[in-house]
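There are 2 protein chains.
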Amino acid sequence: MSESPLVLVQRPPTFDFMDELLSRNFPVLTTHHTSSAPLLNSLYRHASSIRAVVNMAMLKLDADLLSHLPSLQLLVCTSVGTEHIDLAECKRRGIAVTNAGEAFSEDVADCAVGLLISVLRKIPAADRYVRSEKWVKFGEFQLGIKLSGKRVGILGLGSIGITYPYYPDVLSLAANNEVIILCCALNDQMRHIVNREVMESLGKNGVIINVGRGGLIDEKEMVKCLVDGVIGGAGLDVFEKEPGGPEELFGLDNVVLSPHCAIATPGSLNNIAQLTLANLKAFFSNQPLISPVRLD
Amino acid sequence: MSESPLVLVQRPPTFDFMDELLSRNFPVLTTHHTSSAPLLNSLYRHASSIRAVVNMAMLKLDADLLSHLPSLQLLVCTSVGTEHIDLAECKRRGIAVTNAGEAFSEDVADCAVGLLISVLRKIPAADRYVRSEKWVKFGEFQLGIKLSGKRVGILGLGSIGITYPYYPDVLSLAANNEVIILCCALNDQMRHIVNREVMESLGKNGVIINVGRGGLIDEKEMVKCLVDGVIGGAGLDVFEKEPGGPEELFGLDNVVLSPHCAIATPGSLNNIAQLTLANLKAFFSNQPLISPVRLD
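First to last, the protein sequences are chains F and B. For the first sequence, my numbering begins at 30 and goes up steadily by one. For the second sequence, my numbering begins at 30 and goes up steadily by one.
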């Protein structure tokens, strides 16, 4: 690398796990601001020199904010989803974009399986039952639901060509399975793809696991369906409004709620730190990006 | 069947799920008593006619109680473990004994996997974090531990000949794995097989999953090891004293507690009801038992 391109890292205050790795390799500006005006304000005159942004906190990068970063060439997203990025504007400007690629895949898959077993076998409710000494007071805990033999549909299996049955739409996926696992990207076409009709099709023993994005589900309808028994249960790592989650669910034993932490292990953090550095190094050495996002 | 043998079903008041199936096929006496004197008292003069006992509540059947059942020929245990039965006395008397065989295997295995992921990824703690609105108040939840790549040792793999590495003792099993899953029977040799030394060998990142019996672990030492960080976590479906569980663990996030419900699904209950009937029918038709316990 003949020069040292300036890298802006936008991250929450506690997400310092890749600071050292990046600053050993590039001049780094760090900001915790999550909205445009204070962020730009904090950069002073440096905004015009920034050549790469590492976006760790789902910072909304729209055409306006991008217009204040005239030297930007590379946008490294540490998430898999890029719904917060104006990809069309990046394409127009010739800004390359990368995402988390496979960095989180194992942990998210583990979490999805863990949530599924936790919902069916009511593990957090069972745990509450023991800790609150209800086991001693009231005896036997309620029955769980058998996992083995369940038909599981996956919305967002990725591009791997495998021999699982394929359903062309989410309604038939729901009708033909007892569990649907959401691990796909959120975009305008996918918003509320799991709506009332899909949940009715999944049915009263059906279970939804969401490790994708909250917006994939019509959450208001899902709450009604869970409260009314239209579906049987849900394991949710993501919500329409975060942090938070719908409080109508906080008293239910057939839901398991998780604070968007499907990726939160040291292994995943190390993966994403290494991947971020590798993408930056590759780009500024004119090598192919490791995890490019297709702009089309 | 030329005659109708009298069957005593000993069960908790709520465990009525096989009543109808059994009473359609045999004359059945039901008792909820769990100790010898009131139990015998409740049977009046029928004790001497009882030819089979279905033991659903871990009723302790020692030589003394057996001596009051002179016509007993078959003892059907609805558990896998038979630590509550005086097998030597059964052998001496020529009483055949059956257990739950494979009826619960799938559900217990599912539960063990669910407990493991729940401990590593702290699913019940995460669920508490969302429900108590700590996510909103305090932000990011703590990191979990990665599942993929963990070495898992199983104490009580059964007699299936497979190619997993075999360790001749529990200490080397613990030393060479990061997780040990207990799914073996409890007997005098196995009591407290997981002692302080084994836990030290498993180490500070080690996790114990127990879906066998509480008595397999020296629970007092385990509590100390969990509180002091000698081991990393535990997922426990069974305890030395049930119902209950050690209250020193009730505030810890690195343990998941479950009220002995690894088998509690409708699927398992149906399996054990069918198996119980099949063993009774087989025995009284002079056919081989479906799930005999070897008396030696």
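Note that these hints are calculated values from the structure, not bench results. Some clues are possibly wrong.
The list treats identical chains as interchangeable, and a pair is accepted whether it falls inside one copy or across any two copies.
Said to hold, decoys possible - Here are the simulated lysine-lysine pairs, BS3-like style, with alpha carbons at most 25 Å apart:
1) Lys163 - Lys310
2) Lys179 - Lys120
3) Lys233 - Lys310
4) Lys163 - Lys249
5) Lys120 - Lys253
6) Lys89 - Lys270
7) Lys310 - Lys166
8) Lys253 - Lys270
| Hint by hint, which ones does the structure fall short of? | 1, 2, 3, 5, 7
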